[in-house]
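Chemist: Starting from the two chains in their separate frames, assemble the complex, guided by the hints.
Order-wise, the sequence lines are chains D and B. Numbered per this note's numbering, the first sequence spans residues 1 to 72. Numbered per this note's numbering, the second sequence spans residues 1 to 142.
Calculated from the structure, these hints are not laboratory results. Yeah, the Cβ is synthetic: ideal placement off N, Cα and C, and Gly gets one too. It cannot be assumed that every hint is accurate.
Here's a subset of chain D near chain B, in silico, CB distances under 10 Å, partners left out [unchecked claim]:
{"id": "1", "residue": "M1"}
{"id": "2", "residue": "S2"}
{"id": "3", "residue": "Q6"}
{"id": "4", "residue": "R7"}
{"id": "5", "residue": "T8"}
{"id": "6", "residue": "V11"}
{"id": "7", "residue": "S14"}
{"id": "8", "residue": "L15"}
{"id": "9", "residue": "A18"}
{"id": "10", "residue": "I21"}
{"id": "11", "residue": "V22"}
{"id": "12", "residue": "V24"}
{"id": "13", "residue": "V25"}
{"id": "14", "residue": "M30"}
{"id": "15", "residue": "L33"}
{"id": "16", "residue": "I52"}
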Amino acid sequence: MSAAGQRTLQVVGSLVVAAAIVAVVIAVVMGQLGTTSVAELDAVDERREQRIEREEERLEQREEAREERRGG
Amino acid sequence: MEDLVADVTRGNVTEVKVVLASVVAALAVYQVVLMAVGYGKLRPPFLGAGEASFAHRALGDAIVAVTVVVAVMCLTYFELGDGTVHAVAGALLLAVVALKIVVLRWWRAMDRFLPLLGISVLVLFALTWASSAGDFLVGGAE
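The following block holds chain B by itself, in its conformation from the complex (with noise of 0.2 Å):
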């Protein structure tokens, strides 16, 4: 697996990873603002509710797979041990995705936390960005 990650990114893991953990961190951003839509808690005069949650379904269906592949990269190319604040905020992050996705499809009776559970997801993907790629693009590669 690790010889196909590499293969994939053409020796350039790292950077891959950083170019796709800061465009699913940004689209985080831009999925609470289209889910404030959704709730009306912003009406701006070109988007409805509806449009706006359609598109949050339909984005978040792509940020979760980009941020499975991010994971799996994560895991198996790097050590767990090299950064815990990144290895707890990336396991927390797939906890609260995946308890999202289920409420969203089976456990309707818990709909009143989506929000909390948005609001999770965006903090916990802003820490796992900001420990390991914001740390990476600031720092650079040393």
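Only chain D is shown next, with the shape it has when bound in the complex (with noise of 0.2 Å):
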């Protein structure tokens, strides 16, 4: 090869280690803060809201039988 073509491709070379670079940060810092996505968001806040519903409904029916054994 020659010398220009060298040098041509240790340029090019080091701008693609400064991509891989760009790559690895945006990859961890993404794994590190989580979806961004809206839709998964929604579906989190849903899922967070029925399991809380669930405990609630479970809390109303465990009160509501204690009154029913004092009651009786």
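Modeler: Okay, structure coming up:
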């Protein structure tokens, strides 16, 4: 390969390394941040609300059963 | 401007800022390595000094552009009083970067200060990142 070709290759190689650094940093930081997808965040919220509702229902049923036992 | 920033990032201003700031901070470290090769402090067999310096300049232009975008996001979307260390480090970083560009393009008599300016830029990048993005990544979004 000619000297000019080698020089170009070295510069391109340096920039490819920079691009790889950018890709790795984005992957690591995005992994740390977690999802930012609105659909996924909504789904997480919905699952949390459903869990809370189920727990509240269970508590109410337990309270009712306790009151029935007291009344009976 | 605040609305534009929020629209472009689809409401994830902090997250986008954290990603961009982390990218430029990592590239700032790589820039120091490239310049160490450029100044002949490191002599890897696969990279010449001239080529490393050229890559350093090309990458530096991109880093400055992204840094300005992050700074604009910071100034338009967040309150100045949110982090004094971050605000001071960020302002100093922009000032030192501007001085470095002036020395490189028009004030060649001050060439001998370029390594010092370069190290200052790296330190200020690290401080600015640590006082905002690093803090956010370690401490979470609360």
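Chemist: Could you run down the list of hints and mark each one as holding or not?
Modeler: Here is how each hint holds up against the structure:
Violation of the interface hint for M1/D is found here, the shortest Cβ-Cβ separation to chain B being roughly 13 Å, above the 10 Å cut-off. Against a cut-off of 10 Å between C-beta atoms, the interface hint on S2/D is violated, since the closest Cβ of chain B lies about 14 Å away. Interface hint status for Q6/D: upheld, as the beta-carbon distance to the closest one in chain B is roughly 8 Å, under 10 Å. Taking 10 Å as the C-beta contact cut-off toward chain B, the hint placing R7/D at the interface holds, the least distance being around 6 Å.
Contact between T8/D and chain B, as hinted, is supported at the beta carbon level, the nearest pair being about 9 Å apart and thus within 10 Å. Satisfaction of the interface hint for V11/D is found here, the shortest Cβ-Cβ separation to chain B being roughly 5 Å, below the 10 Å cut-off. The interface hint given for S14/D is met, as the beta carbon of that residue sits about 4 Å from the closest beta carbon of chain B, less than 10 Å. At its closest, the beta carbon of L15/D sits 6 Å from a beta carbon of chain B; the interface hint therefore holds under the 10 Å criterion.
The closest approach between the C-beta of A18/D and any C-beta of chain B is roughly 5 Å, which is under the 10 Å cut-off, so the hint is satisfied. This hint holds: I21/D has a C-beta 5 Å from the nearest C-beta of chain B, less than the 10 Å allowed. At a threshold of 10 Å, the smallest CB-CB gap from V22/D to chain B is about 5 Å, leaving the interface hint in force. Evaluation of the V24/D hint against chain B yields a held restraint, the C-beta minimum of about 8 Å falling below 10 Å.
A hinted interface residue such as V25/D counts as satisfied when its beta carbon comes closer than 10 Å to some beta carbon of chain B; here the least separation is about 5 Å, so the hint holds. Because the beta carbon of M30/D sits about 7 Å from the nearest beta carbon in chain B, less than 10 Å, this interface hint is met. A distance limit of 10 Å between C-beta atoms decides the matter here; for L33/D the minimum to chain B is near 5 Å, and the interface restraint holds. Nearest Cβ of chain B to the Cβ of I52/D: about 20 Å, over the 10 Å cut. The hint is violated.
When each numbered hint is compared with the structure, violations occur for hints 1, 2 and 16.
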